[in-house]
Amino acid sequence: MRLIRQILLRMLTTAVTLIGVAVIVFVVIRVVPGNPIAMMLPPGATDEDVLRLTALYGLDKSLPQQFLIWAGGVLHGDFGTSITSRQPVLALVLDRLPATLELSIMALVIAVLIGGVVALTGTRSRDSGIEAAIDIGNGIALSIPDFLWGLILILLFGVLLPVFNISGRITPSLPLNFVTNFYLFESILRGRPDLWLDLISHMFLPSLALAIPLSAIIGQVLKQSLKETMHLDYVTLSRTKGYGENHVILREALPNAILPTLTLVGVQFTFLIGGTVIIERLFSYEGLGNLAIDAVINRDLPLIQGIVILFAVIFTAVNLVVDLLYAVLNPRLRHG
Amino acid sequence: MADGRGTIRRRAGLRLWLAGGWLALLALAAILAPWIAPADPLAQDLLGGRLPPIWVRGADPQYLLGTDSLGRDVLSRILWGARIALIVAALAGTATALIGATLGLLAGFLRGWVDLLISRLIDIWMAFPPVLFSILLIAVTGPGLGPIILAIVVIDWTRFARVVRAEAMAQGAMDYVASARVAGRGRIGTMLREILPNVVPTIVVLLTLEMGISVIVEAILSFVNLSISTDQPTWGGMIAEGRTSIHQAWWVLVFPLIALFLTVLSFSQLGEGLKDRFDPVLR
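Protein chains in written order, with our numbering: chain A, 1 to 336; chain B, 1001 to 1283.
Check the hints yourself; a few may be wrong.
With a straight-line cut-off of 25 Å between C-alpha atoms, the simulated SDA-like cross-links for lysine to any residue are [stated by the list, open to error]:
no., chain 1, residue 1, chain 2, residue 2
1, B, 1275, A, 129
2, B, 1275, A, 242
3, A, 227, A, 242
4, A, 61, A, 94
Stretch-level coverage of chain B by chain A, calculated; a stretch enters the list once three of its residues show a Cβ under 8 Å from a Cβ in chain A [to be verified]:
no., stretch
5, 1137 to 1151
6, 1211 to 1225
Don't read these hints as lab results, they were simulated from the structure. Each residue gets a CB set at the ideal place from its N, CA and C atoms; glycine is no exception.
Model the full assembly from the supplied sequences, consistent with the hints where possible.
Structure (structure tokens):
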């Protein structure tokens, strides 16, 4: 019963958050100076044309009315029509979403790999010069945001030592007969190394830029909780049983040390997804973030609205998944 | 463990000195920019575009760090750009701290519906992608120094509010607060006289970190061409220009990037160093 009540409460607060986001975006973008309708009409359009189109997009109604019409549409899966491209917002957004998801997940995988290796190495050689060096490296990696890492990586591996692509998602001259927009996922499933190698060459630097700060956080927190676990009695016991250091760290300490890291990774993963906006711009990667910035520059109100809501949905969904995972993995909460 | 602590303190001390040193140098350069900048940061030299820094062949000794595609002096632009960066850092950081800490203090100490309201707002704010939100706000307000500071405050107040709220809650549960109340101090009085002094160290640390974040936000907004007007040299604007000509003139990107990197690193190291200083366990 308690679990059900908690889940219901959680869903309620999530709904309040999403409605709050929708209201704020709605109000903020309607304060935008400059008439988006006038911008989309050719020169020489009459005032009548402007009025007709304003009515078509519902911009002649009062703000609360506009919101209710929009919210009603959203509940039916209709996010309105983009002003610049005149296509349904939902279709445009879903078209770009896979690119951003693939980039974020690749970044998450890289961050977990680097962070894990760093934490394990630090624990293996604790209280030595290596651990001190790891701490300093972590400190720097944490202080510098993804945007700057992106620029540094562009310089190092795009210009100085040009081994990776620094622009776009895939080489346009390749045969792009994809069924879905999950290019990377699909090309791996179809066993097309010519495609996925090219995709990875494009995605590696932007995802690494997103991953570096997160990997430092994972490294730091996981190392800390590993160190604490290493002092516990059961770990000492397994050591007296004659198990080697690697076994003790990986098999005994790690499963118990992973929980605090998990909650943290959840929150930080939402920051990482938020970071894709500028990183996609920096690497001309055709994802949601790049679409968002174009939408803001073009004053494409329905599109901006749809993208921000989608980001908010992703953020809250990630938090929800992490909380559920935590409940599943933590025995104390499961039986509480 | 005494030795271990000694090393931590020494390292923290060095860190504070290096970070503080760079920021002091930068502040000095920013103040003196009109006198020490070798050239007018806006003066174009169309025949001297994309000249490399002086240690590279084909350079003009007049331009120490080279010129950009319009022939503007990179060094002078970095020095003038430092002004904008530090002004944004100081003003936006302080304003964010004031507003965020006030809301956090109110929520954490008064509890009840005030806390409920502020916590809900924080939840909503955390569901926004911050970079997109700031770009959106600048698109609404139009570019300029004021709008940038406003955007940073509007987006980042939660950083202070969240931490200060938690800290005020923890402090509020302590005995000394209860005894102050028993001694006849009012609620607001207790909040300002008893709780606030105890959360100031945290606020100072967060403020230092926020200054670094502000510098980055300004650079990101300049990068998407939404910052201050184009006739003000900014690091972000220089980086945006450098990104497009990266294969022809690396120095247009590299030097402002180094300045930005060191500044952001210094602010955050200063914050971390102060955190260690304020931490009673390490002290």
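| field | Hints violated by the structure (listed by number, smallest first) | value | 2, 4
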